[in-house]
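Asks: Based on the hints, put chain B in the right spot on chain A.
If you read the protein sequences in the order shown, they are chains A and B.
Numbering follows the working numbering, with no gaps: position 40 of the first sequence is 40.
Numbering follows the working numbering, with no gaps: position 25 of the second sequence is 25.
Derived from the structure by calculation, the hints contain no laboratory data.
There may be inaccurate statements among the hints.
[Said to hold, decoys possible] Computed list of chain B residues with no C-beta within reach of chain A, every gap over 12 Å:
hint, residue
1, 19
2, 70
3, 72
[What the hints assert, rightly or not] Heads up, incomplete: computed chain A residues facing chain B, CB under 8 Å, no partners named:
hint, residue
4, 25
5, 26
6, 31
7, 109
8, 112
9, 114
10, 171
11, 175
12, 185
13, 186
14, 187
We put the CB at the ideal spot given by N, CA and C, even for glycine.
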Amino acid sequence: MKNLILIFISTVLVNNLVLTYFLGICPFLGVSGKLETAFGMGMAVTFVMTLATSISWLIYHFLLERFGLLFLEYVIFILVIASLVQIVEMFIRKFSPSLYQSLGIYLPLITTNCAILGAALFMVTRNYDFLESVVFGFSGGIGFSLVLLIMAGIREEVNYADIPYAFRGAALTLIIAGLLALVFMGFSGLISS
Amino acid sequence: MAEIIESKIKMKKEFIKGLWKEHPILRQLLGMCPALAVTTSAINGISMGLAVIFVLFFSSLVVSLIKKVIPPQVRIAVYTVIIATFVTVVDIFFKANFPQISRALGPYLPLIVVNCIILGRCEAFASKNSVLVSLLDALGMGLGFMWGLFLLGSIREILGFGSLLGVKMMPPEYNPLIIMILPAGAFLVLGFLVAVMNRLELRIKN
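For reference, chain A alone in the conformation it holds in the complex:
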């Protein structure tokens, strides 16, 4: 139990996927303009990432490792993620149209979110067991949502400021991300490893 809590805290705050591993930067820059969309994206990513790490773990240990197909790792993982996104999309559309309304447009984008594939690869290199992988996937998604929401909140305020031409748009967003990464460095003493 203790190591699960440690994985959660470490993945959400100390080693945030976005701010220390640069995973999922594209949606981080792209959909952080509004709080509402940022929330939708964050929830969709958390959902898919939890499922993706669990299923990749099962496939990696019961198929790839057993039959010596480890060189197929990347091809299989990306296929798992792509088909998972497709299934989740169909499932949500059928059973919860209102959720589909709010998440629908973000789901296809998630396939190319490097945070998901990154989480699956980290899970393998860190030798997590099944439960740890599930918690890792979930906390990775929560960490992503947290940073995305903070960013969206800041950007909604920044919209009212008078910014020099050269810094408008992506340049300023990147600099804000840099400052956020500095702030999150403050958490690094939280867990002594």
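Replies: This is chain B only, laid out in the frame that chain A set:
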């Protein structure tokens, strides 16, 4: 004759655009994840750039060759599998021949699979254009990506370690800015580079 000249001009345009006007990192903000993560030194930037050029070149080649055969509904999945195959090739090649670089690039080498530059070029360009033009476009974009990584890596290495490609650049009393090697430095340097790029573009336009 006029046709040949025209097609030559078109080819040149497709090649050049990735180097400056539609620069993948500084203008389109694509492929950010490797760009920020591996550029703690210039040499890492170059190796990542080479890996991306290889994957981009061969994925564009295959996609533009079989574009008529791919059913449109599953095209993205097909592109991803093609890309993942070439990434596996590069990954195994680096692991066997340059284990040190492979370790430095870590998970970011396999993450080329989801690099939006490659999927973006396959979807937006190679699937609609002839083989030769697609290859030129891929080379231009790849080289643009590489010089972007090299620039970012150089700045961070000079400020953070006081050296470039392992050679000392700064006087001995220089106190390295550790922050440049840390993730925060990557965001800050790239932010300022994009701002400089915007400024230059504005000056060229006027």
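Asks: State for each hint whether it applies.
Replies: Results for each hint:
1. 19: At roughly 19 Å from the nearest Cβ of chain A, residue 19 (chain B) sits farther out than 12 Å, so the non-interface label holds.
2. 70: holds (15 Å)
3. 72: Check passes; 15 Å lies beyond 12 Å.
4. 25: Interface hint status for residue 25 (chain A): holds (4 Å vs cutoff 8 Å).
5. 26: Status holds, d = 6 Å.
6. 31: violated (13 Å)
7. 109: With a closest approach of 10 Å, the residue 109 (chain A) hint is violated.
8. 112: holds (5 Å)
9. 114: Holds: closest Cβ of chain B sits about 4 Å from residue 114 (chain A), inside 8 Å.
10. 171: With a closest approach of 4 Å, the residue 171 (chain A) hint holds.
11. 175: holds (4 Å)
12. 185: holds (7 Å)
13. 186: Given a least distance of 11 Å, the restraint on residue 186 (chain A) is violated.
14. 187: Violated, because the Cβ-Cβ distance from residue 187 (chain A) to chain B comes to roughly 13 Å (cut-off 8 Å).
The structure fails to meet hints 6, 7, 13 and 14 from the earlier list, while all remaining hints are met.
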